[in-house]
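Listed below are the residues making up each chain.
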Amino acid sequence: MKILLLDDSPKHRKAGVKQLQELGHEVVALCEYVEACKLASEQPFEVALLDLLMPAEQLQLGPDARKEWLGREISVGFPMVLELSRLGIKKIAVATDTNHHSHPMSAIVDWFDGKVHSVNGAKVMIGHSPMQSDGTKDWGKLLASLLAE
Amino acid sequence: MQKVNLFLSIDSREKNNPIQMALHQVMTHLGCDAMEQVVQGDMEADIVVTNDTATALRLVKETEKTAIVIMYLYPKEREEAKAVAERFPGRMSTVGICDPNDDMSLVPFLLRLAAQKAKEKEVKV
Numbered sequence: 001m002k003i004l005l006l007d008d009s010p011k012h013r014k015a016g017v018k019q020l021q022e023l024g025h026e027v028v029a030l031c032e033y034v035e036a037c038k039l040a041s042e043q044p045f046e047v048a049l050l051d052l053l054m055p056a057e058q059l060q061l062g063p064d065a066r067k068e069w070l071g072r073e074i075s076v077g078f079p080m081v082l083e084l085s086r087l088g089i090k091k092i093a094v095a096t097d098t099n100h101h102s103h104p105m106s107a108i109v110d111w112f113d114g115k116v117h118s119v120n121g122a123k124v125m126i127g128h129s130p131m132q133s134d135g136t137k138d139w140g141k142l143l144a145s146l147l148a149e
Numbered sequence: 001m002q003k004v005n006l007f008l009s010i011d012s013r014e015k016n017n018p019i020q021m022a023l024h025q026v027m028t029h030l031g032c033d034a035m036e037q038v039v040q041g042d043m044e045a046d047i048v049v050t051n052d053t054a055t056a057l058r059l060v061k062e063t064e065k066t067a068i069v070i071m072y073l074y075p076k077e078r079e080e081a082k083a084v085a086e087r088f089p090g091r092m093s094t095v096g097i098c099d100p101n102d103d104m105s106l107v108p109f110l111l112r113l114a115a116q117k118a119k120e121k122e123v124k125v
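Protein sequences appear in the order of chains A and B. When we follow this note's numbering, the leftmost residue of the first sequence carries the number 1, and every step to the right adds one. When we follow this note's numbering, the leftmost residue of the second sequence carries the number 1, and every step to the right adds one.
Hints are computed from structural coordinates only; laboratory data are not their basis. Ideal Cβ positions, reconstructed from N, Cα and C, are used throughout, including at glycine. Wrong hints could be hidden among the right ones.
Cut-off 30 Å, straight-line C-alpha distance, at most; resulting in silico cross-link-like pairs (DSSO-like, lysine-lysine) [to be verified]:
no.	chain 1	residue 1	chain 2	residue 2
1	A	11	B	65
2	B	65	A	18
3	A	38	B	65
4	A	14	B	3
5	B	15	A	38
6	B	119	A	11
7	B	124	A	18
With beta-carbon atoms standing in for the labels, derived distance ranges [claimed, not checked]:
no.	chain 1	residue 1	chain 2	residue 2	range
8	A	104	B	39	20 to 26 Å
9	A	46	B	111	46 to 52 Å
10	A	59	B	43	29 to 35 Å
11	A	144	B	111	49 to 55 Å
12	A	67	B	29	45 to 51 Å
13	A	144	B	103	49 to 55 Å
14	B	107	A	110	49 to 55 Å
15	A	64	B	39	31 to 37 Å
16	A	141	B	108	48 to 54 Å
Chain B is nowhere near these chain A residues, computed Cβ spacing over 10 Å in every case [unchecked claim]:
no.	residue
17	37
18	82
19	83
20	111
21	127
Extracted from the complex, chain A is given alone in its bound form (with noise of 0.2 Å):
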């Protein structure tokens, strides 16, 4: 399979690209949203793989707002879902590893874990991510997950 990976982090991106080439599929990693989403425009992914908290990016922000905002962690995974789903990836599956105790966004994280959604016509698990033991996420099981059912 194609899948598009998404996260900030380089341990977890090499982790993941390791990962997935290893059971055998093509992984594209990108650490930044906005070439994620041009990136899926232009080409077909069939599996995203994604990080919910990342640093906020300079899209259409002013001076003002970029240093309020630049380099702050947003919760940029929802509207990820939103947009990656109507750009036509069938399954989504967003993964945080921030712990619900250190950030809001991650404790409302506890909604949605485990459980699977319909974005889109697209099937969507919004979750804490799975760990290796090297600490870094685990994507072949977060992979696994999705394509289960």
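Starting from the structure of chain A, add chain B where the hints point.
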């Protein structure tokens, strides 16, 4: 003394990018190795210098340990640079090319950072 790898990403309206050229000359003369890309194979730059906050933001996500320095020329650029750098403590810092409000200007700042990085590399070896 371990060599420190440096990547420069300075935007310039001038075709020959004089600030990047000057920084390259000074830092390589003082013992740093210049890199063509921030990540080459398994090796990432020890230090990156940029004058653009969006570039700094991208590079902090592309690397695990690289120290990213946002340099600014004009005081009006300082606030945004500092605001972004403060969101990545231990990874990003800011310095003016010649800002009287800073403790030190760009080259002494980079020399101190390069010495610190060289020491870290020596400890690892």
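Results of checking the hints against the structure:
no. : hint                      : in the structure
1   : A:11 / B:65               : holds (11 Å)
2   : B:65 / A:18               : holds (20 Å)
3   : A:38 / B:65               : holds (28 Å)
4   : A:14 / B:3                : holds (26 Å)
5   : B:15 / A:38               : holds (29 Å)
6   : B:119 / A:11              : holds (24 Å)
7   : B:124 / A:18              : holds (26 Å)
8   : A:104 / B:39: 20 to 26 Å  : violated (33 Å)
9   : A:46 / B:111: 46 to 52 Å  : holds (50 Å)
10  : A:59 / B:43: 29 to 35 Å   : holds (31 Å)
11  : A:144 / B:111: 49 to 55 Å : holds (50 Å)
12  : A:67 / B:29: 45 to 51 Å   : violated (35 Å)
13  : A:144 / B:103: 49 to 55 Å : holds (52 Å)
14  : B:107 / A:110: 49 to 55 Å : holds (50 Å)
15  : A:64 / B:39: 31 to 37 Å   : holds (33 Å)
16  : A:141 / B:108: 48 to 54 Å : holds (49 Å)
17  : 37                        : holds (15 Å)
18  : 82                        : holds (22 Å)
19  : 83                        : holds (19 Å)
20  : 111                       : holds (27 Å)
21  : 127                       : holds (23 Å)
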